[in-house]
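Take a look at the letters that make up each chain.
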Amino acid sequence: MVLSIPRGTQTASTTSEGTTRPQQSPGDDPQDWIVIPIRSLPLRLVLFLAIVLLASWIGRKAIRELAAERLAQTATIKNLQEAIRRVPSNAEYHHVLAQVLEGSMEETDWKRAVAEYESATKLNPHNAFYWLTLARAYEVAERIDEARHAVERASQADPSQPLVAWQVANFQVRHGNWEEALRQFRVVLSGSRTDPQLGQAVFDLAWRGTQNNRMILNLVIPSNSPVAFGYMNFLLEKGRLDEALEAWHHIALDRLGIRASVVFPLFDALIKAHRVDEAEQLWKQVVTQLQFADVSFNNRNLIVDGSFESDILNGGFDWRFTPEEHVELQFDSIASHGGTRSLSIAFDGQENIDYNHLFQLVPVQPDTHYRFRGWMRAEQITTDSGPHFEITDLYAPSTAALLVAGEPVIGSSNWQEISLEFRTGAETRVVRIALVRPASHKIDNKIQGRLWIDDLSLQAVPLTE
Amino acid sequence: MGAVQKWAYTSVLVGSLLLFLVWLFGSLIEGRIELPRNPVLVPTAAFGLLVLLQVLLRTSAYPYASWQEWLKFLACGLVLFLLSACIRSREERRLVVGALLLVGFLAAFMGILQSFTVPGKVYWVIPVEGTPFGPYGNRNHFAGLMEMVIPMSFGLLLSGSVRREHHPFLIFLAVLMCSALILSGSRAGILAFVFELIFFAVLIVMVRLSDRWLPYVPIILLLFGGALYWLGLHPVLARVETLKGIGTDPSYQSRLATARDTLRMFQTHPIVGFGLGTYAEVFPAYNSQVDEGHWVHAHNDYVELLAETGLFGAACVGAFLWFLFRRGFQRVSHTSRGRSVISGALVGILGLLVHSLADFNLHIPANALVFFVLVSLVSAPES
Numbered sequence: 001m002v003l004s005i006p007r008g009t010q011t012a013s014t015t016s017e018g019t020t021r022p023q024q025s026p027g028d029d030p031q032d033w034i035v036i037p038i039r040s041l042p043l044r045l046v047l048f049l050a051i052v053l054l055a056s057w058i059g060r061k062a063i064r065e066l067a068a069e070r071l072a073q074t075a076t077i078k079n080l081q082e083a084i085r086r087v088p089s090n091a092e093y094h095h096v097l098a099q100v101l102e103g104s105m106e107e108t109d110w111k112r113a114v115a116e117y118e119s120a121t122k123l124n125p126h127n128a129f130y131w132l133t134l135a136r137a138y139e140v141a142e143r144i145d146e147a148r149h150a151v152e153r154a155s156q157a158d159p160s161q162p163l164v165a166w167q168v169a170n171f172q173v174r175h176g177n178w179e180e181a182l183r184q185f186r187v188v189l190s191g192s193r194t195d196p197q198l199g200q201a202v203f204d205l206a207w208r209g210t211q212n213n214r215m216i217l218n219l220v221i222p223s224n225s226p227v228a229f230g231y232m233n234f235l236l237e238k239g240r241l242d243e244a245l246e247a248w249h250h251i252a253l254d255r256l257g258i259r260a261s262v263v264f265p266l267f268d269a270l271i272k273a274h275r276v277d278e279a280e281q282l283w284k285q286v287v288t289q290l291q292f293a294d295v296s297f298n299n300r301n302l303i304v305d306g307s308f309e310s311d312i313l314n315g316g317f318d319w320r321f322t323p324e325e326h327v328e329l330q331f332d333s334i335a336s337h338g339g340t341r342s343l344s345i346a347f348d349g350q351e352n353i354d355y356n357h358l359f360q361l362v363p364v365q366p367d368t369h370y371r372f373r374g375w376m377r378a379e380q381i382t383t384d385s386g387p388h389f390e391i392t393d394l395y396a397p398s399t400a401a402l403l404v405a406g407e408p409v410i411g412s413s414n415w416q417e418i419s420l421e422f423r424t425g426a427e428t429r430v431v432r433i434a435l436v437r438p439a440s441h442k443i444d445n446k447i448q449g450r451l452w453i454d455d456l457s458l459q460a461v462p463l464t465e
Numbered sequence: 001m002g003a004v005q006k007w008a009y010t011s012v013l014v015g016s017l018l019l020f021l022v023w024l025f026g027s028l029i030e031g032r033i034e035l036p037r038n039p040v041l042v043p044t045a046a047f048g049l050l051v052l053l054q055v056l057l058r059t060s061a062y063p064y065a066s067w068q069e070w071l072k073f074l075a076c077g078l079v080l081f082l083l084s085a086c087i088r089s090r091e092e093r094r095l096v097v098g099a100l101l102l103v104g105f106l107a108a109f110m111g112i113l114q115s116f117t118v119p120g121k122v123y124w125v126i127p128v129e130g131t132p133f134g135p136y137g138n139r140n141h142f143a144g145l146m147e148m149v150i151p152m153s154f155g156l157l158l159s160g161s162v163r164r165e166h167h168p169f170l171i172f173l174a175v176l177m178c179s180a181l182i183l184s185g186s187r188a189g190i191l192a193f194v195f196e197l198i199f200f201a202v203l204i205v206m207v208r209l210s211d212r213w214l215p216y217v218p219i220i221l222l223l224f225g226g227a228l229y230w231l232g233l234h235p236v237l238a239r240v241e242t243l244k245g246i247g248t249d250p251s252y253q254s255r256l257a258t259a260r261d262t263l264r265m266f267q268t269h270p271i272v273g274f275g276l277g278t279y280a281e282v283f284p285a286y287n288s289q290v291d292e293g294h295w296v297h298a299h300n301d302y303v304e305l306l307a308e309t310g311l312f313g314a315a316c317v318g319a320f321l322w323f324l325f326r327r328g329f330q331r332v333s334h335t336s337r338g339r340s341v342i343s344g345a346l347v348g349i350l351g352l353l354v355h356s357l358a359d360f361n362l363h364i365p366a367n368a369l370v371f372f373v374l375v376s377l378v379s380a381p382e383s
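Here the protein sequences come in this chain order: A and B. So for the first sequence, this note's numbering puts the first residue at 1; every next one is plus one. So for the second sequence, this note's numbering puts the first residue at 1; every next one is plus one.
Each hint should be verified, as a subset may be incorrect.
[Claimed, not checked] DSS-like cross-link-like pairs, simulated, lysine-lysine; straight-line CA separation at most 30 Å:
(1) LYS61(A) / LYS78(A)
(2) LYS446(A) / LYS6(B)
(3) LYS6(B) / LYS122(A)
(4) LYS238(A) / LYS284(A)
(5) LYS78(A) / LYS6(B)
(6) LYS61(A) / LYS122(A)
(7) LYS78(A) / LYS122(A)
(8) LYS284(A) / LYS272(A)
These are calculated hints, taken from the structure and not from any lab test.
Kindly generate the complete structure, drawing on both the sequences and the hints.
Dropping the structure here:
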């Protein structure tokens, strides 16, 4: 056999493209081939057979692997064993076979299942789920040390996968390793599509296992994730107000955008517990974070957004309302006393409503004289029971709660100022300023008409006034 | 065509092995073997050898996965070799180009029809999760095919070797494929295509490729604009609009983080990598993002190559690209025969390489095959 590498010769170049006639490249040899003459027939035969054998071996192997894949799609023990016989290096076949064997009630099958799981992890030690299933099999066989090692390998193979973290955490819980379990719960909660129910399960498990709020906050709850609010509300549901406050302080507000509504359950729990100072601090934090323009803490007016220039937050120390079928609340930018708009309340005349659905909680000082002012306008308000303002002590018993009430508004009237004065009791910390309309006792009792309110204020009045 | 299942690449492998045996048989009957002096074959063979050693010496993190990838690579390598050995004349080259254009036409036509009739199902019957388009389960991979084939149609138009009465059909083909590419909504595909157009324009001007291009531009633009208007531009524009805020796009941020994590993976095994095809198995240990999903590919073929084959693999690919583009530019600059078609192939290759910065087209068997066909058109010796 002679190896000849002939050099090409330059040929004249012709072209039908363009107007230029570029020269042929020096490296562009027309006979750019390595020619290997093989004159000997036996050599040709041997070479051909060798390559045919090699190609056949590769092709056959590929086809066997394809056939094995088809077999493995029907996951019976027989099919999987045959698939493994054809392709012993595919870890997935061993893993699936182990899972099928695990479903059997035979003890020998159980032992084989463990062996197959081990084979899967030997062939592919990077798959976390192979290690987890092996760990489970070891655990059932009471080979706890080996199970622990398998769980560690699973965690190393995929430390960021919430599903893996959940299983690892549960293993650690079962074996009392709470610190490690909590670290894994953090990964579970950090998943972007965390199931809210899964979040609740994590909180519940972590709380029941440790009862240690600080530990849970440090190891489990990311401070810059909405998950932190979920944990806070979980604690509130359990009646753990102090822990919920601790969770609130754990939240990095500067890195996490909040909606006011996620904080209101904590706020209401503080109010309910008569912890008004803390509620005020919480309110300040919320409105500062939300840049709620209408709240000024230097303002003498204790009512938030008395002119209704901002949207109603429906919680905290802002206005609150409960929708009522026969009453329509809306901002009115045409009929306003001050600012750009007022709040209009329209009664549709279909119901003898006992209305108490619009109110605001206002923190006050005990033993202090206050003046409430506002402007009201009415249009064809019917019945003898018209709407008016009532101010009550939130914490007093209902029979002694009323501090002051205004005159009912009936008929039509232009903007009229109302002014009510009252003195808080020795225990009064929060008053409830509400627009009310008690049900009428007369036959003609279905209230109809529209009321506008605007420029409401509540200020402490010095005794000299 | 866009299939990634084992049956798809096994059939290609078996077919290429058979063709290789036929070629060998024919050569031995003649009493001589003519090996094409194609410079890209050496780094290709070196890369194949590297992966084979990863499997045989069990340096791969999961030898079975590397073996599967080696089989796919073998199929592509055989196709490259056979085309290099067998494309000897301009007519044969045109046959290959014609076949590519036929594939492109069918895929584009099917894609457009499917998107208006049963979007979400491939071949109108196979439901696919995600964003299928045409015969591909992922619109980005469909765009990859179009990126490679569209420049071939331009190249053929400029070559002057096609009769004038066939030019309207070529223009129609080009417009159809361009429209399909845009309609697919693949942002990376559209960007890569824009890059291709710029590069093609530069080539035309720099090497004075042809003076026939000027009349075609307004015709193609007009027809292209009309086609898009008729097909409906709003969803596509909305998709392209998202490129404005790409810096804050969560998908983009996620891919950046994945690329960084993949480089950390490379740093652990920098010489020969973890093994071709092992990315999906090994990456989770390096993934810094808490993610319920599973990254099968890095969506950046370059960092994935580094992680899987290390510096050796990167050197092979680097040499491959160096030889390929050197050969290609030499031919485009100097050779008169078929240089417009070669330009088209070069642009198609470049477009896909640009797209590979954000996707994994070269892991789709059909696209990898087409890529190597283009490589053979550029690099195969001429007789």
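Results for each hint:
1. LYS61(A) / LYS78(A): Holds - the C-alpha atoms of LYS78(A) and LYS61(A) are around 20 Å apart, at most 30 Å.
2. LYS446(A) / LYS6(B): Given that 30 Å is the threshold and the Cα spacing comes to 76 Å, the pair is violated.
3. LYS6(B) / LYS122(A): Distance of about 23 Å is within 30 Å: holds.
4. LYS238(A) / LYS284(A): holds, 25 Å
5. LYS78(A) / LYS6(B): The given pair, whose Cα atoms are some 22 Å apart, holds under the 30 Å limit.
6. LYS61(A) / LYS122(A): Satisfied, since the Cα-Cα distance of roughly 22 Å is no more than 30 Å.
7. LYS78(A) / LYS122(A): Roughly 22 Å between the alpha carbons, so the hint for LYS78(A) and LYS122(A) holds.
8. LYS284(A) / LYS272(A): holds, 18 Å
Hint 2 from the list above is the single one not met by this structure.
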